[in-house]
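Fit chain B to the supplied structure of chain A, relying on the hints for placement.
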Amino acid sequence: MFSRLLPVFVFLFAACALFAQSAPPSPAQEPSNQALLDQIQQLQKRLTDLEEHQRQTDAALAALRGAQGVAETTTAEKPAQVSAPAVPPGAGHPVETAVRGHDHAEIREATIHYPSLQIRGFGDVGFAATDQKGTTSGFDLGQFVLHFASPLSAKVSYFGEVSFTAEPSTYDVSVERSIVRYDYNDYFKMSFGKYHTPMGYWNDTFHHGAWLQTTISRPEMVKFGGTFTPIHFVGVLAEGNIPLGGLGLAYSAGLGNGRSSFLSKAGDSGDINNNRAWVASLLARPSRLYGLQFGASVYRDKLTPIPGQNFDEWIESAHVVWTKEHPEFLSEFSNVHHHDLQTLQTYNSQAFYVQLAYRLPWQENKWKPYYRFEYIHRPNSEPVWDITGTPSVKDLVGSTVGIRYDITNYAAFKGEYRNTRPGVNEPRVNGAFFQTAFTF
Amino acid sequence: MPIRRKIACGVLILASFSLLRSQQLFGQAREVDVAVVVQPDTPVSNLSLAEVRKIFLGDRQYWTANMPVVLLIRAPVARERDVVLKTIYQMSESQFKQYWIAKIFRAESVSAPKVVYSNDMASDLVAALPGAIAFIDSRDVRPGTKVVRVDGRLPGEPGYTLR
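Chain order of the listed sequences is A and B. Going by numbering that gives the first Met the number 0, the letters in the first sequence line up with residues 0 to 439, in that order. Going by numbering that gives the first Met the number 0, the letters in the second sequence line up with residues 0 to 162, in that order.
Bear in mind the hints are in silico, worked out from the structure with no lab data behind them. Keep in mind that the hints are not guaranteed to be accurate.
Lysine-lysine pairs mimicking DSBU-like chemistry, simulated, CA-CA at most 35 Å apart [stated by the list, open to error]:
| id | chain 1 | residue 1 | chain 2 | residue 2 |
| --- | --- | --- | --- | --- |
| 1 | A | K365 | A | K323 |
| 2 | B | K102 | A | K222 |
| 3 | B | K102 | A | K393 |
| 4 | A | K222 | A | K393 |
| 5 | A | K301 | B | K85 |
The shape of chain A in the complex, shown without the other chains (with noise of 0.2 Å):
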């Protein structure tokens, strides 16, 4: 009888779970509603006791800094009205301990330690394949990047930067930037070690670290191993802000050993010659118009490539730039001006390149699209570029399409299409490239 009548309480006892989870509130619910409202009350009377608590504790605060002589605040919608209580100094009261405790180990926290040691690694990974004869598609490793960055005082701080290329047989390590740095104030900071030269806008703004740049490569005049114009600096450096309205601007001077005698590397172990390089440079940004920087480099030096030959090299440099990304703006030309000592001849070759990248509104501003045209000519009898019988520079015109990836914050795809004719009267070789680059 029993298992008979089972079946049934367990349905009823399930529609009266169901019912009593459906139903609208039954006068059994009533008594519920007066608990939530004694809640809310209980709730308002703890919140009243916080703010309470929090104002002794403000004041206490105030109390035990008017004891150490802190100038009063001034504010605009309520003028400050802290009232001392009658707390004695150094009484160990448990409130003033436990902001003391609480400040202090905020301020031990934000207090710059020195030296204090930062490491930033970038890495990227490649594939490139194009149809220019003699080459191969296939993976490549890019460059793995250090940075390094260590305030050793209030005013000296050291930068450093190593990287690792791989070569068939081996990597090859190189200390790109080395740099001691003292700053007086904001209109003079002296510097020496090793730079990439202050000279144009890429080669100081973009490091080795592919992330950090839209684009998979650097644009050809300002290369990593390119000759067009001398990428690192060995030397002094002088630079700072000038105090000249809403202009922004900025200079640098610096004074170095130059090229060395692969034209491509600086005189990191001693000068090729007694002639120092030097470097100006003055820039430009507009409080008035946020995000646009112009801007005017000269460089000079004497080659010594080959002993007994010697040129003066001269290279103006100028940039325009607009460094938001909406859109992202970059051009920079170079004149280099070559001076042979011996025949008295003049060489002239010019370089620029404009690029335009806009970061796109949709998906996180994610994605970000860009072209860059640039160009690259040279005398046909210029000496200098083929001194190791190899041309290590060509006229040059090329195109790049690409679209930027920023899969997180940190890490980056990239894809290119290239259509570049490195050569008078050579065919155009087109390329397709694809780059991960990351920062950790």
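Just chain B, lined up with the frame of chain A:
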């Protein structure tokens, strides 16, 4: 009308009123100005918006030769940070992070702005660290700090830009 229906109507009206009130409060919160505060010893009382931008971009790093600027900024999601990113930097969160990585490793700055997790913490640090500057909800400005005029205006005054 059954008592249950009366209660339901009452709860509905109360809920609607609460929602309306909370929206009003939220709306007010969005309108509250953000104050630029510095330590009282800092030799500055009025900055143009361009100067504030220059400071927070790390292009001006010293108040005086012996007093470096110490930048403090609220952690992500805080309204003060949103105001700073939108008004001062004009950058997204990821652009802001990339900007400071690039800035430090261009050897132009020693460190990024220090992150603070509350207005109380910002006030404490501004009061304690010489040269510190921070953005704080103007209602939370506390003793021991000095509010800087921006383009000649204090928070709450007409034309104040940081909100």
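Would the hint linking K102 of chain B and K393 of chain A be met if the CA-CA limit is 35 Å?
Judged against 35 Å, a Cα distance of about 33 Å means the pair holds.
Next pair to validate is K301 of chain A with K85 of chain B; report whether the Cα-Cα distance is within 35 Å.
violated, 48 Å
Assess, step by step, whether the Cα of K222 of chain A is no farther than 35 Å from the Cα of K393 of chain A, and give holds or violated.
holds, 13 Å
Against the 35 Å threshold, does the CA-CA distance of K365 of chain A and K323 of chain A hold or violate the hint?
holds, 15 Å
Distance restraint between K102 of chain B and K222 of chain A, which requires alpha-carbon spacing of 35 Å or less
Answer holds: K102 of chain B to K222 of chain A is near 21 Å, not above 35 Å.
Violation of the numbered hints given earlier is confined to hint 5; every other hint is satisfied by the structure.
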